[in-house]
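Heads up: the sequence shown is residues 1 to 29, going by UniProt numbering.
Among the clues, some could well be false.
[To be verified] Derived DSS-like pairs (lysine-lysine); straight-line CA-CA distance at most 30 Å:
hint, residue 1, residue 2
1, 8, 23
2, 27, 8
3, 23, 12
4, 27, 12
Since the hints were derived computationally from the structure, they do not count as laboratory data.
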Amino acid sequence: MTSPMTQKRVSKEERRNQLSRLKESVKAD
């Protein structure tokens, strides 16, 4: 099992990835 700290960091990275993905989709539009 992953520790809460790692999970938190992962969620943080995921959020950043989602943000960049959103920007990319906006650019595509």
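Checked hints:
With a C-alpha separation of about 23 Å, the suggested pairing of residue 8 with residue 23 holds against the 30 Å cut-off. Between residue 27 and residue 8 the CA atoms are separated by roughly 29 Å; this keeps the pair inside 30 Å, and the hint holds. With a CA separation close to 17 Å, the supplied pair residue 23 and residue 12 stays within the 30 Å bound. Note on residue 27 and residue 12: the hinted pairing holds, with a Cα-Cα distance of about 23 Å set against a maximum of 30 Å.
The structure meets every hint from the earlier list without exception.
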